[in-house]
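Number of protein chains: 2
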Amino acid sequence: MNIIKYPAKEDWKEIVKRPHLDLSQLNTTVEAVLGDVKNHGDAAVKRYEEKFDHAHLDHLAVTEEEIKEAEQLVSSELRHSIELAHHNIAAFHEAQKFTGSKIETVKGVTCWQKSVPIEKVGLYIPGGTAPLFSTVLMLATPAKIAGCKDIVLCSPPNSEGKLNPAILVAAKIAGVNKIFKCGGVQAIGAMAYGTESIPKVYKIFGPGNQYVMAAKQQVSLHEVAIDMPAGPSEVCVIADENSNPTFVAADLLSQAEHGIDSQVILITTSEDMLNKVKDEVNVQLAQLPRCEIAAKTLENSQLVLVHDSQEAIDLSNTYAPEHLILATDNYEELANKVINAGSVFMGKYACESAGDYASGTNHTLPTHQYALAYSGVNLDTYNRKVTFQHLTEDGIRSIGKAVVCMAEGEQLEAHANAMRVRIQSLKK
Amino acid sequence: MNIIKYPAKEDWKEIVKRPHLDLSQLNTTVEAVLGDVKNHGDAAVKRYEEKFDHAHLDHLAVTEEEIKEAEQLVSSELRHSIELAHHNIAAFHEAQKFTGSKIETVKGVTCWQKSVPIEKVGLYIPGGTAPLFSTVLMLATPAKIAGCKDIVLCSPPNSEGKLNPAILVAAKIAGVNKIFKCGGVQAIGAMAYGTESIPKVYKIFGPGNQYVMAAKQQVSLHEVAIDMPAGPSEVCVIADENSNPTFVAADLLSQAEHGIDSQVILITTSEDMLNKVKDEVNVQLAQLPRCEIAAKTLENSQLVLVHDSQEAIDLSNTYAPEHLILATDNYEELANKVINAGSVFMGKYACESAGDYASGTNHTLPTHQYALAYSGVNLDTYNRKVTFQHLTEDGIRSIGKAVVCMAEGEQLEAHANAMRVRIQSLKK
Numbered sequence: 001m002n003i004i005k006y007p008a009k010e011d012w013k014e015i016v017k018r019p020h021l022d023l024s025q026l027n028t029t030v031e032a033v034l035g036d037v038k039n040h041g042d043a044a045v046k047r048y049e050e051k052f053d054h055a056h057l058d059h060l061a062v063t064e065e066e067i068k069e070a071e072q073l074v075s076s077e078l079r080h081s082i083e084l085a086h087h088n089i090a091a092f093h094e095a096q097k098f099t100g101s102k103i104e105t106v107k108g109v110t111c112w113q114k115s116v117p118i119e120k121v122g123l124y125i126p127g128g129t130a131p132l133f134s135t136v137l138m139l140a141t142p143a144k145i146a147g148c149k150d151i152v153l154c155s156p157p158n159s160e161g162k163l164n165p166a167i168l169v170a171a172k173i174a175g176v177n178k179i180f181k182c183g184g185v186q187a188i189g190a191m192a193y194g195t196e197s198i199p200k201v202y203k204i205f206g207p208g209n210q211y212v213m214a215a216k217q218q219v220s221l222h223e224v225a226i227d228m229p230a231g232p233s234e235v236c237v238i239a240d241e242n243s244n245p246t247f248v249a250a251d252l253l254s255q256a257e258h259g260i261d262s263q264v265i266l267i268t269t270s271e272d273m274l275n276k277v278k279d280e281v282n283v284q285l286a287q288l289p290r291c292e293i294a295a296k297t298l299e300n301s302q303l304v305l306v307h308d309s310q311e312a313i314d315l316s317n318t319y320a321p322e323h324l325i326l327a328t329d330n331y332e333e334l335a336n337k338v339i340n341a342g343s344v345f346m347g348k349y350a351c352e353s354a355g356d357y358a359s360g361t362n363h364t365l366p367t368h369q370y371a372l373a374y375s376g377v378n379l380d381t382y383n384r385k386v387t388f389q390h391l392t393e394d395g396i397r398s399i400g401k402a403v404v405c406m407a408e409g410e411q412l413e414a415h416a417n418a419m420r421v422r423i424q425s426l427k428k
Numbered sequence: 001m002n003i004i005k006y007p008a009k010e011d012w013k014e015i016v017k018r019p020h021l022d023l024s025q026l027n028t029t030v031e032a033v034l035g036d037v038k039n040h041g042d043a044a045v046k047r048y049e050e051k052f053d054h055a056h057l058d059h060l061a062v063t064e065e066e067i068k069e070a071e072q073l074v075s076s077e078l079r080h081s082i083e084l085a086h087h088n089i090a091a092f093h094e095a096q097k098f099t100g101s102k103i104e105t106v107k108g109v110t111c112w113q114k115s116v117p118i119e120k121v122g123l124y125i126p127g128g129t130a131p132l133f134s135t136v137l138m139l140a141t142p143a144k145i146a147g148c149k150d151i152v153l154c155s156p157p158n159s160e161g162k163l164n165p166a167i168l169v170a171a172k173i174a175g176v177n178k179i180f181k182c183g184g185v186q187a188i189g190a191m192a193y194g195t196e197s198i199p200k201v202y203k204i205f206g207p208g209n210q211y212v213m214a215a216k217q218q219v220s221l222h223e224v225a226i227d228m229p230a231g232p233s234e235v236c237v238i239a240d241e242n243s244n245p246t247f248v249a250a251d252l253l254s255q256a257e258h259g260i261d262s263q264v265i266l267i268t269t270s271e272d273m274l275n276k277v278k279d280e281v282n283v284q285l286a287q288l289p290r291c292e293i294a295a296k297t298l299e300n301s302q303l304v305l306v307h308d309s310q311e312a313i314d315l316s317n318t319y320a321p322e323h324l325i326l327a328t329d330n331y332e333e334l335a336n337k338v339i340n341a342g343s344v345f346m347g348k349y350a351c352e353s354a355g356d357y358a359s360g361t362n363h364t365l366p367t368h369q370y371a372l373a374y375s376g377v378n379l380d381t382y383n384r385k386v387t388f389q390h391l392t393e394d395g396i397r398s399i400g401k402a403v404v405c406m407a408e409g410e411q412l413e414a415h416a417n418a419m420r421v422r423i424q425s426l427k428k
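Chain order of the listed sequences is A and B. Residues in the first sequence are numbered consecutively from 1, following the UniProt record's numbering. Residues in the second sequence are numbered consecutively from 1, following the UniProt record's numbering.
Okay, chain A solo, but in the shape it has when bound (with noise of 0.2 Å):
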């Protein structure tokens, strides 16, 4: 872990500097494989999962059996546990429902906002040793509650040709309505153009590796929507002489462990608490079964001293990290200073896996300092706001000799005309 104290300014460039992301290099690769699927559907699909799965499908789509399978096979304290995640989940992503009023701008011209879901969405979970069902709850529960007609879900299965049963059950308990074996370059593939099987998505949601992440670049660019831009997950955690050392640490550690391009800052006030939470991640990391993957975040990982909880704040928000814990008593105060922060965890009970899993926040959010500009997924994600008005005879009158000086400035005479026929038709 670095050390630095009391920073100059003109430095904090350098601290909130993350490693440069360039997938153009795995463009050739990315677009051959997307080429692929887009001129040969189903048969390049399974062609790629045998070659990079190696596994062997005579069918893509999951079958209801295989789902009955997977609830045999998954613990009932871990459905309980994924059950009441999804409830909270639900809870806080109904309550961001959106109810348009109709607002009278001027007399006779009314406008208004209605929130429409994406009828077809497509949610992408990698796969790998760790199966993220969380993942699952977190995309697919507010495409539920936002309506979404098709929520189309596109995993890799093992080399036995099958999903990780906790996916296909969260999947079930979420409300995902179409599941397929498919991972990779090719499932977003599939899902952007689709394919026999496979249905076409308008929009493309989830984590993956580096190519799964240039291929939702590539087809950002003309097919789909993408939920976000990504790159490794980070956190940042702001301390002061009454946090909780143990705590404090074992935060440390679990962003860490994600990966070794994982980012890790703490920014504290007292140097005494630095040296403490110093001492406690070593106490902790020896214990983790990952422990090597998180020794190699922490070497790159960031300990910074400052004078007060106000450098702390803008230090964190020139950072905008993915993940910002304020675990200092005056967490309420810093809050309302936080510009850029994906998602934001106040006081000591407030670790970053609670939100990670079941609080009800939802853990897609923007990294790599994307935060200044992007929201996590939230229910909008799965909206759009399509506009709505109406005009009167009152409303031509209010605006229409506005209208038509406007569209004769800008020398469009047909947008003038057709407000004049209307102002004309008000005379006779």
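Incorrect hints may appear among the rest.
Copies of the same chain are indistinguishable here, so a pair counts whether it falls within one copy or spans any two.
For lysine-lysine, the following BS3-like pairs were computed, each having C-alpha atoms within a straight-line distance of at most 25 Å [unchecked claim]: (1) Lys114 to Lys102; (2) Lys97 to Lys114; (3) Lys97 to Lys107; (4) Lys337 to Lys114; (5) Lys13 to Lys200; (6) Lys401 to Lys427; (7) Lys144 to Lys114.
Source of the hints: derived by calculation from the structure; they are not laboratory data.
Starting from the known structure of chain A, fit chain B onto it as the hints suggest.
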């Protein structure tokens, strides 16, 4: 105009087809200019302004004096029209302000969203013969209401190094605080990377030619967010036997005059209306200054006769138009069935020009079938929804065990541990 009578559903695909847009052929040129601006800042921008806009610029920033001068040059009628439009746009976007409420998802776990403005936004306003001051209002008004701190505007100067006075007046009224004489790819690069004069922004908004679009796509892969992908403007009008053919023809023409790639579709349940509109289009076309452009657009436009109003709205939803005008008496019923559209105009007086300029709705809308997944620009486009959460001891009791169980299920032991240390602390 192409007349299509009672098309079979399997032929709708042809009707709703957009011209293929491939900006990748421009990438070499665009990347060269972007790279040059990134490396050489103002000097590169000035060089390109000399080359492309034939403007020799000592300074890129518009001065207070130039704004005062512009205010003298704009007629009081146009100024009042701009003010009225600004009033209505402000009223509509002001009403979109979001106040999240705190949700206790389960005992002791409280989650909420807060809308936080993007600190720095960049607005691009194209140049050319017609000064798009209406777009200045549409992009800057919600930025100001959202509370964005830096609202930067770039627009190409004429060969005398001046911006159109109406653009400057609109920018002043709407609350832009930094205006630069800078257009094309160099403007997008300047706002994406920052130069000595032009600040880096976090999100870039606004229309432009193919080069500008390609540049926005390029920078959106790395540096900044953009409002939405863009394509040629479109209108779909649904009419029946009671519609006003003069109004409908004027609306089709107001779209057709935009450019030869504009998309114009009439869907009607009445063959008599179809013929009347066709005749009326020819009458009005002859009187337009931009009749050559409009005539060319109309060659690719479609007048579609369908069996009933359900089929009309189904076809419109398949088309997913940027603008949808419901020029029928049953506009309420049809509006309830809209799934895919950018902005909907209801009834005979709600012409597209009303929304283009002054009703209050935004005119920056998704084209090219992007309405399937994107919203038009609205107050949300300038904000991020940041999530916050707070847990009490009860919160740990409510979800602690579930978090540990799920983290273990995902083989993320440090995630489990961050919760475990908190559970243990309660037992002491």
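Outcome of the hint check:
Taking identical chains as interchangeable, the C-alpha atoms of lysine 114 and lysine 102 lie at most 25 Å apart whether they share a chain (10 Å) or sit on different chains (23 Å). In this homomeric assembly, lysine 97 and lysine 114 come within 25 Å of each other (Cα to Cα) both inside a single copy, at 11 Å, and across copies, at 15 Å. For the identical chains of this complex, lysine 97 and lysine 107 are inter-copy neighbours only, at 22 Å across copies versus 29 Å inside a copy, given an alpha-carbon limit of 25 Å. For a Cα distance limit of 25 Å, the shortest separation of lysine 337 from lysine 114 across copies, 12 Å, qualifies, whereas the shortest one inside one copy, 31 Å, does not.
In this homomeric assembly, lysine 13 and lysine 200 come within 25 Å of each other (Cα to Cα) only across copies, at 14 Å, whereas the closest approach inside a single copy is 42 Å. With identical chains, the CA atoms of lysine 401 and lysine 427 are at most 25 Å apart within one copy only, with a shortest distance of 14 Å there and 73 Å across copies. For a Cα distance limit of 25 Å, the shortest separation of lysine 144 from lysine 114 qualifies both inside one copy, at 18 Å, and across copies, at 23 Å.
Checked against the numbered hints above, the structure violates none of them.
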